[in-house]
Amino acid sequence: MSVKTDFETPIEKVVSTDASHVRIVGAAGTGKTLSLIRRCERLLREGASPAGILVLTSTATAAIDFKSKLVATKAPCASDVVVSTPHDYWVHVLSTTRAGEVTGRTPRILNDFEYNFLLEDMKVTGIKAHRLREILGYIYRELTEMGDDKEKFILGPEEETIYTALQTHLTMRRAMLTYELSNTVVHYLRDLSMDEISALRIDHVLVDDYQNLNKASQIAVDMLVSSALFVTGSENECCASIEPFPSEQGFTDFCATHENAEEIQLSHSLRCPQHIAAAVNSLARTMESNCIAEFDEDTAEGSLHVVKWNTPEVEMTGLVDYIQKQIADPEISLNENDIHVVVPNKWYGNTIAGLLEKKRIKHTDMFFNQPLSGDPRSFEGSRELRFFTALNLLADPDDVVAWRSWCGFGSYLCNSNPWTLLENIAAERNTSPLLVLEKLSLRGEAPFLEAEKLVSAYESGMQLIRDHRDKIGFSLLDALDEEVPHTIEKLLAPIVGDEDAATFFKRASKKNLQPVFDLKHGVRIGTFESTHGLSSKLLIIAGLIDGFMPTRDAFDINIFFEKRDRIRDSERLRLYSAMATASDELVLSYFQSEKLSVAEPMKMEIHRIRAGREERMATLSPSVFIDEMGDAIPGPIAALSA
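Heads up: the sequence shown begins at 692 in our numbering, then just goes up one per residue.
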């Protein structure tokens, strides 16, 4: 679809303005990202140093896509411009020796399963699990909103106990949570001298989807800008992706909080054809949004289908067959890289990936929930987690986080009690838990209950390091497991064969924390957030039923109705953002029934139960959001054809 390039268009206003602070507002698909690419191009062509430009995007894949499109402009030194997620950039800022001295912290971010070990250790405080999670949720939100600036950040003795324990565990492990990353950056920048902060400042900062940054990140961005800050966003697109607790309010108030800020409205749909834009706009109107994408009468109509299937198995098979036919049709001119499949969960995604594999259709997947799976309480059931941790130990034998995991595998309580006692001793001696473990091993002591379990795990870990520290490539992987777990293999890919443990672990850790698509590899499969910053000619949203979209909590009568409404509003935003990335064809797909034994644990919203031939079946309903779009979408069809 062509984009007007005369200087009267709003995008050209973004490119040409001399304002120092600009808020670019527009519905999805109106060219917000394009405007930032064009702005970067202008800066580079006018002689700006690439070192003086920083671009922040919501996801790692969006950063790759932005950089690729910027380089394609052939602007001077475009490949040298830093395009990053806030997560990656904040880790970079905190990774210097000076940052460590000022903050006393290490930006070693815990992944999901490492965080679960921390949760187990927090339970040693004696506070019930439900209450513990509730208080931690409060603390995490407060940290992202700089709540610790307030006098009464900690409200009572329970909060004090949990916050103190949390800080102790993280300090002992030389680790950090994503929830405190941007908060730590702000405190670090505040503590620097004027000369030090000046050295870190950047002339031009451009932030795509500014509303997806949390408040602390938005404050940190302000502190780093020395000349101009351009931000894009929409009230319809505030979704948590990499940043926890995103701040839509920060985007809404941008012009009020930045002196002489200019606002530029983008209203014309540059991506979605008529039928898709109408459906997207209908969702926006249910949110009482003012961000509506306009389109001309001569805008392409595009294709929009609502498809119903009997069961999820039939749905997934039918969708994959449709993808195969579309790719094979020479008149359509569609290849694998043009297709994006949005799935409600990993089960759906893995099944579709398997079906594509059987048809030899190239694909790449990305899920924002934990890619590694397993139960750390079971030694056999934690194979993937142990493999990842073994690589970690070989890459960095001094990583306390890795040792904490290693010492917990195979224990029902993950050895939380002895590990907490170990940390207490280390704190009393002002030393590392590893040094205490080493001394216990050398002396054969067990000064506290179950200390021998930690010592035994420590000795096995040290033996692992001695046996395999010099191995590289395939010989290293074979030594750790006769067959590398499939998920681990994906995290390590591409494997050349000469990588050492540090190279392998750095690659796997980055993909684990910030999953990313291989944009050149084929059909993209991911959850709703995976569409952020991207577009696709054919977008398929699968499993669009109540319980998946929105989640079952949106229907749970045991949850207070205001919270149910908030859940539904959040889910609607996720669907809106995904739908608006379709540039040619959009397929909304759902199924009508599933075995009760599957539907219940998968948290599908069950409409009624009926008898089946072999077992009871759950009757399911299409997503309530399909009804909300009303006449903007066609009635459902029973099958797709090429």
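Keep in mind that the hints were calculated from the coordinates and are not lab data. One or more of the hints may lead you astray.
[Stated by the list, open to error] Below 20 Å or equal to it, Euclidean Cα-Cα: the simulated SDA-like pairs (lysine to any residue) are: (1) 1016 / 1228; (2) 1197 / 1088; (3) 1197 / 1225; (4) 758 / 1063; (5) 814 / 1103; (6) 1197 / 1209; (7) 999 / 1330; (8) 1211 / 1331; (9) 1202 / 1329; (10) 704 / 764; (11) 1202 / 779; (12) 1053 / 894; (13) 1228 / 1103; (14) 758 / 1119; (15) 1144 / 815; (16) 704 / 1063; (17) 1202 / 807; (18) 1037 / 1019; (19) 1294 / 1225; (20) 1053 / 1074; (21) 1211 / 706; (22) 819 / 1107; (23) 1201 / 784; (24) 758 / 1225; (25) 1130 / 1142; (26) 1181 / 1048; (27) 1181 / 1086; (28) 758 / 820; (29) 1016 / 1329; (30) 1037 / 1074; (31) 1050 / 1017; (32) 999 / 950; (33) 999 / 1209; (34) 1228 / 965; (35) 758 / 894; (36) 1037 / 1049; (37) 1201 / 1175.
Every value quoted in this text rests on a predicted model; they were computed, and no experiment measured them.
Here is what the structure says about each hint:
1. 1016 / 1228: The given pair, whose Cα atoms are some 15 Å apart, holds under the 20 Å limit.
2. 1197 / 1088: 14 Å, holds
3. 1197 / 1225: The hint is violated at about 26 Å.
4. 758 / 1063: Given that 20 Å is the threshold and the Cα spacing comes to 28 Å, the pair is violated.
5. 814 / 1103: 13 Å, holds
6. 1197 / 1209: Holds, because 17 Å separates the two Cα atoms, which is no more than 20 Å.
7. 999 / 1330: 7 Å, holds
8. 1211 / 1331: 26 Å, violated
9. 1202 / 1329: 38 Å, violated
10. 704 / 764: 18 Å, holds
11. 1202 / 779: Distance ~12 Å between residue 1202 and residue 779 Cα, so the pair holds.
12. 1053 / 894: 41 Å, violated
13. 1228 / 1103: It is violated: about 48 Å lies between the C-alpha atoms, which goes past 20 Å.
14. 758 / 1119: With Cα atoms ~49 Å apart, residue 758 and residue 1119 exceed 20 Å; violated.
15. 1144 / 815: 17 Å, holds
16. 704 / 1063: Violated, at about 45 Å.
17. 1202 / 807: 19 Å, holds
18. 1037 / 1019: 27 Å, violated
19. 1294 / 1225: 29 Å, violated
20. 1053 / 1074: Not satisfied, since the Cα-Cα distance of roughly 27 Å exceeds 20 Å.
21. 1211 / 706: 29 Å, violated
22. 819 / 1107: The given pair, whose Cα atoms are some 15 Å apart, holds under the 20 Å limit.
23. 1201 / 784: 16 Å, holds
24. 758 / 1225: 12 Å, holds
25. 1130 / 1142: 12 Å, holds
26. 1181 / 1048: Between residue 1181 and residue 1048 the Cα gap is close to 14 Å, so the pair holds against 20 Å.
27. 1181 / 1086: Given pair residue 1181, residue 1086 holds - Cα atoms ~19 Å apart, limit 20 Å.
28. 758 / 820: 44 Å, violated
29. 1016 / 1329: Answer holds: residue 1016 to residue 1329 is near 17 Å, not above 20 Å.
30. 1037 / 1074: Roughly 19 Å between the alpha carbons, so the hint for residue 1037 and residue 1074 holds.
31. 1050 / 1017: Roughly 13 Å separates the two Cα atoms, so the pair holds.
32. 999 / 950: 52 Å, violated
33. 999 / 1209: 30 Å, violated
34. 1228 / 965: Between residue 1228 and residue 965 the Cα gap is close to 14 Å, so the pair holds against 20 Å.
35. 758 / 894: 18 Å, holds
36. 1037 / 1049: Holds - the C-alpha atoms of residue 1049 and residue 1037 are around 18 Å apart, at most 20 Å.
37. 1201 / 1175: 19 Å, holds
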